[in-house]
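**Q** Chain residues, written in single-letter form:
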Amino acid sequence: MATSRSSTELLEQIEKLSGQTVSDCYQCGCCTSGCPIGEAMDPPPSKAVRLLQLGEAPELLDSDGIWMCASCLVCGTRCPRAVDYARIAEACRVLVLRSKQSRVDPDTVTGPELEEIPQQAFIAAFRKSSV
Amino acid sequence: MADYEPKIVGFLCNWCTYAGADLAGTSRMQYPPNMRPIRVMCSGAVDSVYILRALLEGADGVFMGGCHPGDCHYVSGNYKARRRMVLFNSVMQSLGLESDRVWLRWISAAEGRKFADTITEMTEHLQKKGPSPFKEKWEV
Amino acid sequence: MTKYTYYPGCTLYTKARNLDICARKAAEKVGFELVEMPSWNCCGAIYNAASDDLAAQVGPVRNLAKASQLGDKLVTLCAACHNVLKRVQNRLDQPGNEVESERLKTFVDEKYERPVKVLHYLEVLKQEIGWDNIKEKVTKPLGGLKVASYYGCLIVRPKEVLEFDDPENPQVMDDLMRVLGAAPTRFDFKAECCGGYLVVNRRDVAKSASKKILDNAKAWGAEAIVTTCPLCQYNLDKLRAVTDGSIPVFYFTQLLGLAVGLAQDELGLEHNAGDPVGFLKSKGLL
Amino acid sequence: MPNDECRLTGTQPPADAQSTIDNRQSKIPRVGVFVCHCGINIAGVVKIPELLERVGTMSGVVVTKDYKYCCSDPGQQMIRDSIKSDKLDRVIVACCSPTLHETTFRNACGEAGLNPYLCEIANIREQCAWVTADKDEATTKACGIVRTTLTKVVHDQPLEALTVPINKRALVVGAGIAGIQAALDIANAGYEVVLVEKEPSIGGHMAQLSETFPTLDCSQCILTPRTVETGRHPKIRLMTYSEIDSVSGYVGNFKVKVRQKARYVDFKTCTGCGACLEKCPGRTESWFERGLVRGKAIYRLLPQAVPNRPVIDAKACIYLTKGKCGVCAKVCPTGAIRYDDTDKFVEEEVGAIVLATGYELFDATKLGSYGVGRVPDVIDGLAFERLLSASGPTSGDVKRPSDGKVPKKIVFVQCAGSRDSTTGMPYCSKICCMYTAKQAILYRHRVHDGQATICYIDVRTPGKGFEEFYKRATDDGIQYLRGKVSKIFREGDKVMVWASDTLAGRKVELEADMVVLATAVVANPDGVALARKLKTQIDAHGFMTEAHPKLRPVETLTAGFFLAGCGQGPKDIPETVAQASAAAAKVLAMFGNTRLTHSPTTAEVDEEICVGCGYCERTCAYDAVKVDPARKKAAVNAALCEGCGACAVACPSGAMTHKNFTKKAIFEMADQF
Amino acid sequence: MKGTLKVDAKDPEGTIRGLFARWLKEDRLSAILTPAYSASGTATMALVSNPEKLAAAAPLMPAMGVNSASIVAEIARESSPNAKVGLFLRSCELRAVVELMKLKQVMPDSLVLIGVDCPGTYKAAGFRNVRGKDADFDNKHVREQLGFAGNVDFRMGCQMCEYPKPLVYDLNVGFIGLDPDKELWVEAATDKGKALLEGVEVNESEEPAGRKAALADLSAKRKAGTARRIEELDKAMLGPEKLAQYFSDCLNCHNCMNVCPVCYCRECFFDSDTFQRDISEHVRVSLRKGVTRMPSETLLFHLTRMNHMMTSCVQCGICEDSCPVTIGLATLFKKVSQNAQQAFEYVSGRSLEEPLPLTTFRETEFLKVGEE
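Chains as they are written, first to last, in this note's numbering: chain A, 1 to 131; chain B, 132 to 271; chain C, 272 to 557; chain D, 558 to 1230; chain E, 1231 to 1602.
Mixed in with the good hints, there may be bad ones.
A short list of chain C residues far from chain A (calculated; beta carbon distances all over 10 Å) [said to hold, decoys possible]: (1) ASP364; (2) GLU381; (3) PRO386; (4) THR410; (5) PRO438; (6) LEU540.
Covered by chain C, per the in silico footprint, the following chain A stretches (three or more residues, Cβ under 8 Å) [stated by the list, open to error]: (7) 13 to 22; (8) 47 to 55; (9) 71 to 83.
Since the hints were made in silico from the structure, they are not lab data. Quick reminder that beta carbons are idealized off the backbone N, C-alpha and C, glycines included.
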């Protein structure tokens, strides 16, 4: 698999920001198995790490999956190789956000329920997914 | 200092580091010839007086090689060597003497590469440091 | 009466008043006092795990510095605040982290005087007060109410930083419920995620994650759920319409308050969804 | 440029004063140095004539010779001749590593009448010629190596190899299939064996198994003949319900103290009729049945128990705990019950010890998300073996523990604690892939419409017939799902499994009636404790360490201790049996000698100097040094001493000496550069 | 059991002698080792068995000629079940006794360790002149406690001592932080110690706060002083050049070793034939460097000795007192041994249970050593 230069750099940045080493992962899939929102996450954690292992960091940064992780840390807690995917996802989001691209535009979030959602959820959501 | 060649006395434990040095040889790995190997049965059998003797008599460095912790052929000799080394370093540092002329390294029988690299690294390190101040300064 | 510096956080002043009010009043009943920290600021709501993102930690650092001037312990109640403050505190005082720690401290004017132990209210109950002492204060035992204790993710993980309880099968809240006279049920989803803040833009995801939690609690025979996180409470309680059949979700402080004799109007039940009053009456607890 | 030893020739003192040797020796040494070309291996780099010339000037050297291959017959003959004609009393052979030809040349010296320990090797091949390209540098280094060796050889003393008699009895610890096999092999060769087993019956884990992979032989059927043979073998002294209390002595001559646990049943009087077993009201956890059924306080491990005698579990016995009951004593027709029984100690003397302490399964309750202990229908592999076994609690019918229903869907979870460096063990347990496939196949034999799903990370089948067996499993419709299970929980009467299909890249939720965990194999904790007590090496996970991973796989670094079975690492039955026979062969090889030779380069004490401070005693890893408290003198038991030299270094006064590695010798070697 | 003991006639030393007399008379001790004055007034040690002969005993004498652990090693090398000897010794002496017990050079069974507070001592040599004709000098000395910490006439070892109160004892007699004209502090830590206090009128109490504070204060001041001295030492000694200079006067007399209480070998390694070189060796070595200093092994001796006994050094400084060329050994060994012992979390003489650092190890310690 050809690895472009920028993708190598991206991987380096992701590893640095997350403090994780993607080659530690042996693709057992435990993170995906245990992810409480694994069905909705695309790619699911193990596949996301696989993309990084294969040098496909740009594809991962473009994906939905990284925005779905709610940082519940179940994957990292149970990972037999002590890889914390939540931190990898965080690093990916940070890289996107730092290029000034918001995932969620606060103005577009609407709905009658918004009145009753605890504000911590808004702060968290916008901190995680908006510039 | 161009013609300065560091002299290193090496104490190699019979079971791991000596065998590792043999493996470096069998694999034809080249390393500088500055180290004179002395085969001892165990790193736990290297007395600090040997190291001091070598240093005071003009060696520029002393190398000690033993089995990795947990792998000692004699159960725990390398753990004892490690404690001796802690004491030795503490005494040297308390006196303001360089303890980086004395290297203790764990090198197994399978680590020929590591042996060759370590001796190369140590020789280069001592080359950079220059001759041991001990040999001249402690004479008349 | 021992006084503790208390950090309520924003949600406890608004949407989760029912978590906070009972906590303060119940504390006095069981023998300690929560003294609210003056001029606290937002904790940030979520911990930023990127290794270089120091700016995100400034808010919590300021809170911790202020708290350090008041004492060596800081009590939290909201699971999110607890998670953030505890993790930032860890970052400040972890050996080997001195350089970063010093940098962080330079961001705020307040002097960080000493390491502050960030304690969750439940930890205060267990470690500082003790179950036996609480048991003595129970005037209205909960009559064997079958409750499933739901901890969520934020107070148990990461385990080595939070040092709260077993992250797979935590027990603290179960123990408390037992002391209060309830019958905690087994429950396999004690520490699974409810979907958290995804409810803001991915309501569907939060709904399905919450449904699994509620389903499992009901499968184990739970009549009610207790929790300590406003967001968990919201996702489980307000979103429960999605589940077939209702099961009330209380804050543990509400049941604590009830058991130690707070009056009905002190429990903040009006902030819960459904008919919690009717439920408690049907169980003979009101 | 040649070193200073050559410059010294100009100031050579008169012969009677010239000596670098120990002053205690009156004789001036006559050292012969023989330089081997090793074809071009040495001679191609080291300048042999220059080396010979420089070495020839060194003090003490009386002759230098070189030869193309010193290790050849003519080469050895050259050395032998020179020893005689040049009246040599020391020999240095400058050649390859001593690990290759030290023995060769020492023997050659011995044949010429020179004490072999006065011959030393200067390693100028592996540590000089082969690692140094520059010829001058190599020559100088070779010269230095010879000089260092010369310094040693002149300090060497003639030594006699020690010999000790061998007590030709063996102790085998653990009577699983490994211990049984080793004991039978040794006993069948005509030597006595003491076989110690901590459980009341022999057989170990193999007795728990249903059928074995990949042949599906009935485990009981192939094991029972062996256990019966062991039980009545005239050369095997079987000590069940017993543990090793202590071992002292050394290879060939161990003294073993065995603690025979109180059985409360007189084995001589008991006929094994089993009347007591039926009436006993006391209940206990059954180790053998993996908690699937409650055992009785008086029990036999299994119906085919060897010896076929019950014992009483004192913790569960109502009479022994509360003083009431006594039913077993009342119904026993031969009056064999002894409530006043106590632990007894028996001493045995043996020459060799085989450690076959076996394995246990990882404590799966530590895998918090797998629900073990919370969800009754999550069991481990050994428990499932009991469910499959015809002699098990369900007579071989697969029924789940919670309600006795026949499970229609079983999920098998592999790597439950294996290959997991965070909550489990980092290694692969080696046998689980195969036994899981076997269990799934056997389940489908018992429950024809049953569905079996195996969640795995990688399927590992390196063994004869293994890959074929794996194919048999997939052919049988057993579903393999690649992905490690994260969570197991109960919902109603179903067991839910959160798995994933990494090949399809998605999360999967499985609904099952029962879940079987292939829990990691770990070293038996009792074996780990024993290894610690015996000071034999164990690895980070408690598995006993072999002397060499390739070439000495059944020996330990402690002479006289041998390894067999899973105590050394996870392995299947054929491998275990092979290793047990190998260990037995090693014991027999030892017993083939009348005496054992032991290297004489041991420690010795100069009593004149020793003040009995005990540094040496506390340093020795082999208990070979003891200080006599009354005399305040240390003494070395040469048979126990492995010759590491640590005690000599620990001794500050120099009272302790390591023979032929004396402080004076090494002290002066450190000065030769 | 602990508490205060009333002092009669403003004579604390006399009160202690009274205790000695009682123990000897009642056969609780067969003899007691105590500081004493010889007939000519020199400071020495005495083994007193006859209570009538106690007049010379000077339990509070502020002078030290040898570290008495050496004496104890002579008299208690073997256990002697019938004798019961009390050792009335100072902290550094008892710490050395403890090390020697671990080194099996002192048998504990027939000994009772009676510790006494020691605020510092003068050298025994010449002490006669310091004391003059003042028979009450010793009592005066303990009364005027203010100068303890800063007394520059004390032995250098004492000036750096941070353990004025012994660490291991059966019975401890103290006066620091009390008014010794009125009362002494006694504290029995073991049954042996309690047996000595039986029948003695002790006013039982907890250790007075004032005493604790005084001890801590003395200790702290000494530590600060030590730090200063080590700083000065470093200026004079650190590095190969200066170190050689520091030891350049050494005569190789080995006095420092001979008086050292924890240098317990019968024959020093340095007197063994390992160090005997013949003329050709000497010439060879000289040839290599062009010139060799003779005697040749002085630095090797000191460095090796440090490797041999720094973990057991009790920092009493008696080596310095005995050095004929006044090499500053006390401060040097204070620094080196303190560092060495800290590396192993060991304090020599602190406890009988702690194993000697070089006789033990943990698999998980010093993980960086050998791994760089």
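**Q** Are the hints correct? Go through all of them and say.
**A** Results for each hint:
1. Interface exclusion of ASP364 of chain C from chain A stands, the closest Cβ pair being 18 Å apart, more than 10 Å.
2. Distance check on GLU381 of chain C: its Cβ is at least 22 Å (rounded) from any Cβ of chain A, clearing the 10 Å threshold; non-interface status holds.
3. Interface exclusion of PRO386 of chain C from chain A stands, the closest Cβ pair being 23 Å apart, more than 10 Å.
4. A cut-off of 10 Å between C-beta atoms confirms that THR410 of chain C is not in contact with chain A; the least separation is 31 Å.
5. Distance check for PRO438 of chain C against chain A: the nearest CB is about 5 Å away, which does not clear 10 Å, and the non-interface claim fails.
6. The claim that LEU540 of chain C is not at the interface with chain A holds, since no C-beta of that chain comes within 10 Å of its own (minimum 16 Å).
7. A stretch counts as covered by a chain when three or more of its residues have a beta carbon under 8 Å from one of that chain; for the region 13 to 22 of chain A and chain C the count is 4, and the coverage holds.
8. Closer than 8 Å: that is the beta-carbon criterion, and the region 47 to 55 of chain A has 0 residues meeting it against chain C, so the requirement of 3 is violated.
9. Closer than 8 Å: that is the beta-carbon criterion, and the region 71 to 83 of chain A has 6 residues meeting it against chain C, so the requirement of 3 holds.
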